[in-house]
Amino acid sequence: MTNYTQGAYPILEKQAIAQDTYSFTLYCPAVAEHAKPGQFVHILPKGFGLRRPISIAGIDPEQGTLRLVFAVRGKGTDVLAGLNKGDFMDMIAPLGHGFTLYPEASHAVLVGGGIGVPPMLPLAAYYGAKATAISGFRSFAQVILQADLESCGARTICCTEDGTAGAVKGFVTAPLEELLTEGADIVYACGPEPMLKAVAQVCRRMGAACEVSLEERMACGIGACLGCATRIRKADGEQFLHVCKDGPVFKAEEVIW
Amino acid sequence: MADLSVNICGVAFQNPIIPASGVFGYGKEYAAFYPLSELGGIATKGTTGTPRTGNLAPRIAETPAGMLNSVGLQNPGIDAFIEKELPRLLREDTVILANIAGSTPEECAEVAAKLEQTAVHMIELNISCPNVKQGGAAFGTSCAMAEQVTAAVRKATTKPLVVKLSPNVTSITDIAKAVEAAGADAVSLINTLLGMRIDIRTKRPVLHNNVGGLSGPAIFPVAVRMVWQVANAVKIPVIGMGGVTTGENAIELMMAGASAVQVGMACFTDPYAPVRIIREMEDFLDKNHIPAVRDIIGTVQPW
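Chains X and C are the protein sequences, given in the same order. The first sequence begins at 10 in my numbering and counts up one residue at a time. The second sequence begins at 56 in my numbering and counts up one residue at a time.
So that you can see chain C by itself, here it is in the shape it has in the complex (with noise of 0.2 angstroms):
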């Protein structure tokens, strides 16, 4: 049996899978199908720091081996996470990455700095989001704000700080470099990548938000890439993600450089995909006498 831990920025995971924001809720929905002990991490739906509705509906629409969605971050805020989500999930054996956002770098800061008195285990800061109006991508699409955002929040916190980088971008790697530079402790990525559809029949975009994050098995390609780039221009850890639907694209994707993998819209094809993929990878590591999953990290051999 391969030894499937790994440990980011000081944290040990007892497996590198963990379901990506927003995809998972604050794990309560997914208990029903597995102990969520047997997840490496769960990162939590992006929570801002007071409550928020999201966009209208529709607000999703299924695409070729993808999804579209402009969720827009409906959350109940900080207080009510911490007071009502958070002490369930500290008590499940595994890491708890509070997902945060917010509209300005103070409230982001804000945000982590409630979270400061908890005992979650890491902060993943979203500066990527591309389905709100104000901050989301808009912090994460600029090098100077990405920093800013970033050196606020590193401030309020003392906890691991992840940065969740948007791929709708020029260049992904000089934004993670930014972000390091601001103190983030690790990078994830990549966000959905903005996207849209319309009803010929209608002449209506299909999201009532007009357009969307585009997540899922299409998007793979793109993460494989921009975890790869990205592993090679900073030294602090990556976290990757972006259309892992199997055991296999989860390793792939450690190759590329990635220390750990979240997994979103596969959680919606098959509730079991994140236990499975953790099965999957077990599998590819025995079959292929590799010891720990570890050593596979940023192994790929470029021509």
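Just chain X, with the same shape it has in the complex (with noise of 0.2 angstroms):
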């Protein structure tokens, strides 16, 4: 589906949410209109000639406005988290295939790791109540979102690996395994590669259905060039499929790690 446009877009509020760790929102009313949980935007930091692909942590079609939350990475992401109220964000976007969405489901987990948690808000917004978000992060510094995700009426579990902030000490497994033995319809993760991984074979283990959301290097963002390679299991053998374009999801059990 090619609905994806690019343009500049006003910024209409900056918020510092944490540690090195933003949350703008946009004014895109085109983009809103279309975008679906699990898409990312291509955003291009002034002065650099290579797009950063960020995931959308929030879509209101109603006021037109999309929600990225990002944490600073390198010095493109440095620029980006320069832009303030008013400056403009030059975008292409609404990219990717986002996450599957199940109008019959009754429990949806939301699995997100650090900065793989923005994009499991939209998911909050759509199961509300019928969601429970588990988060990871290193430490309390990094915490972020929780007070989003539980707005949306999402039952939420907070996991730090130094136990300086949430309910758990440690990683996001272990939760995952003691809600899943009660019953989950689908499981959706973002997050650091180790992460994913450890929560497909969780998922596998104790028979739930997960989608999972990856991370590449990517250059056109649009499917043409072909750099954002990952290795993928179907029916017909392996294949070489693309993040932005194939992706960002893909079915945990399909994703050769």
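A portion of the hints provided could be inaccurate.
To be verified - Beta-carbon label-pair distances, calculated as ranges:
1. K260(X) with V266(C): 26 to 36 angstroms
2. R146(C) with A244(X): 27 to 37 angstroms
3. I253(C) with F149(X): 28 to 38 angstroms
Said to hold, decoys possible - The calculated lysine-lysine pairs, modelled on DSS-like cross-linking and capped at a C-alpha distance of 30 angstroms, are:
4. K178(X) with K139(X)
5. K84(X) with K55(X)
6. K139(C) with K210(C)
7. K83(C) with K139(C)
8. K290(C) with K169(C)
9. K243(X) with K260(X)
10. K139(C) with K169(C)
11. K243(X) with K83(C)
12. K94(X) with K45(X)
13. K342(C) with K45(X)
14. K206(X) with K260(X)
15. K342(C) with K55(X)
16. K83(C) with K55(X)
17. K210(C) with K169(C)
18. K290(C) with K210(C)
19. K55(X) with K23(X)
20. K243(X) with K139(C)
21. K206(X) with K45(X)
22. K260(X) with K139(C)
23. K206(X) with K139(X)
24. K83(C) with K260(X)
25. K84(X) with K23(X)
26. K139(X) with K94(X)
27. K258(C) with K84(X)
28. K232(C) with K169(C)
29. K45(X) with K260(X)
30. K94(X) with K55(X)
31. K83(C) with K169(C)
32. K258(C) with K206(X)
33. K83(C) with K45(X)
Read the hints as simulated data drawn from the structure, not as lab findings. Where is the CB? At the ideal position from N, CA and C, for every residue including glycine.
Mind docking these for me? Both chains are given alone in their own frames, and the hints should help you get the complex.
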């Protein structure tokens, strides 16, 4: 589906929400109208040659806005983080293939790790009280979006590796396993690859359906340059698919880690 | 309004701007932004005899004023290209340059022979891909191999044959002369410069292939120099490329001797780059009262 466009969109709101982590709200009605949970945007930091893929953290078609939450990872995201209310973001969006939504589901589990938590927010908005969001962070300074997830009606379980915040000390997999004994229709996950791999393993063992959102270095963002290849297992064999166009969301059992 | 049309090997281009092979796939992703008929031509993704999966990721890294890539000629193979992609491309009102590659001269010739029965306008033979183990740049870095593969493809096709040259050589003019002697109708240059970056925290190269091709504005001065040298060394037309980002860059490359200009990395920065560059060229020509873009080809006045 090619409903992406390129444009410069004004920033309505900017907020620092954790260490080196920012939330931006952009006014982009044409994008907000089409965007789906799990899709991403491709933003050009001024002075750079390649765009930065950033997941969509909120979609409000009525207000015509999109929310983006990202962490400063390098010089490009540092330039983006330096933008302020009233500035414009040069963006190609919405891009990629989002999460499969199940209107009949009675329980959806959203697993986010670090800066993988933001794409869980549109899912929490969709499932509301039928969602449980398990979020994992290194330490208290990185914890983000727990109140936002709760305000969607989702139950939240916050984990930190060092136990400095949240109810769980350790990784997301322990509460996930416990939760899956009660049953879940679908597990969605986004975060660092080791976490995704561990989540996929737990889901396979417990017989739960799982979709993961992958990250890869990319150039065009639209499926032309074939830069963001990832190995995917399909019925007719292994294929190199592309995170930008075929993903970023894939069925966990199809990903070759 | 200046006349932007150019003619290369008897093929009429409505303007000299062509998205370069590898950045533009087979065109359909960019058709969401503008009609492909606005382009002078399209150089399609390098296509081989059989499907190729390409290299493991990461395949992309940004570098100062440029980028490295190591895609490794991922493509569905020539049969799928002819069946699924080419008919749609040929309905666009623009010149299609089918970029082809292979591991052996025989594979390249076989791919060209399959295109002979199609209405594709030109063949661009890639003897310069830095990201594959066989063929690729191995063909483009020795005069004897460049001549051999060009001659093999020449025998297989009556279509205008453009040979895409590697800059990773001691003398690009010698390679250009060798492919001209072997029957090339034009040359295109430059492909990417071989480069490498290392993540000093992990001690791992940033590309899984370890090395990759450098493109983008960083290589533009190298492109200008090589286009100028080659244009002065051969009689066949030169298609220039390498870091072209603006209309003024394109004008500069044409003054150096290029008859047309391909646009690569700039498409990633700005998907509208090729059409913007066409507009900017037109503005430059109008402002300087130059009636036709072809009047500027090779007009640099060296000291």
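Right, here's what the structure says about each hint:
no.: 1; hint: K260(X) with V266(C): 26 to 36 angstroms; in the structure: holds, 33 angstroms
no.: 2; hint: R146(C) with A244(X): 27 to 37 angstroms; in the structure: holds, 33 angstroms
no.: 3; hint: I253(C) with F149(X): 28 to 38 angstroms; in the structure: holds, 34 angstroms
no.: 4; hint: K178(X) with K139(X); in the structure: holds, 25 angstroms
no.: 5; hint: K84(X) with K55(X); in the structure: holds, 11 angstroms
no.: 6; hint: K139(C) with K210(C); in the structure: holds, 26 angstroms
no.: 7; hint: K83(C) with K139(C); in the structure: holds, 12 angstroms
no.: 8; hint: K290(C) with K169(C); in the structure: holds, 28 angstroms
no.: 9; hint: K243(X) with K260(X); in the structure: holds, 10 angstroms
no.: 10; hint: K139(C) with K169(C); in the structure: holds, 14 angstroms
no.: 11; hint: K243(X) with K83(C); in the structure: holds, 24 angstroms
no.: 12; hint: K94(X) with K45(X); in the structure: holds, 24 angstroms
no.: 13; hint: K342(C) with K45(X); in the structure: violated, 46 angstroms
no.: 14; hint: K206(X) with K260(X); in the structure: holds, 12 angstroms
no.: 15; hint: K342(C) with K55(X); in the structure: holds, 28 angstroms
no.: 16; hint: K83(C) with K55(X); in the structure: holds, 27 angstroms
no.: 17; hint: K210(C) with K169(C); in the structure: holds, 13 angstroms
no.: 18; hint: K290(C) with K210(C); in the structure: holds, 21 angstroms
no.: 19; hint: K55(X) with K23(X); in the structure: holds, 18 angstroms
no.: 20; hint: K243(X) with K139(C); in the structure: holds, 21 angstroms
no.: 21; hint: K206(X) with K45(X); in the structure: holds, 24 angstroms
no.: 22; hint: K260(X) with K139(C); in the structure: holds, 27 angstroms
no.: 23; hint: K206(X) with K139(X); in the structure: holds, 25 angstroms
no.: 24; hint: K83(C) with K260(X); in the structure: holds, 26 angstroms
no.: 25; hint: K84(X) with K23(X); in the structure: holds, 19 angstroms
no.: 26; hint: K139(X) with K94(X); in the structure: violated, 34 angstroms
no.: 27; hint: K258(C) with K84(X); in the structure: holds, 20 angstroms
no.: 28; hint: K232(C) with K169(C); in the structure: holds, 27 angstroms
no.: 29; hint: K45(X) with K260(X); in the structure: holds, 17 angstroms
no.: 30; hint: K94(X) with K55(X); in the structure: holds, 16 angstroms
no.: 31; hint: K83(C) with K169(C); in the structure: holds, 22 angstroms
no.: 32; hint: K258(C) with K206(X); in the structure: holds, 24 angstroms
no.: 33; hint: K83(C) with K45(X); in the structure: holds, 22 angstroms
When held up to the earlier numbered hints, the structure conflicts with 13 and 26 and fits the remainder.
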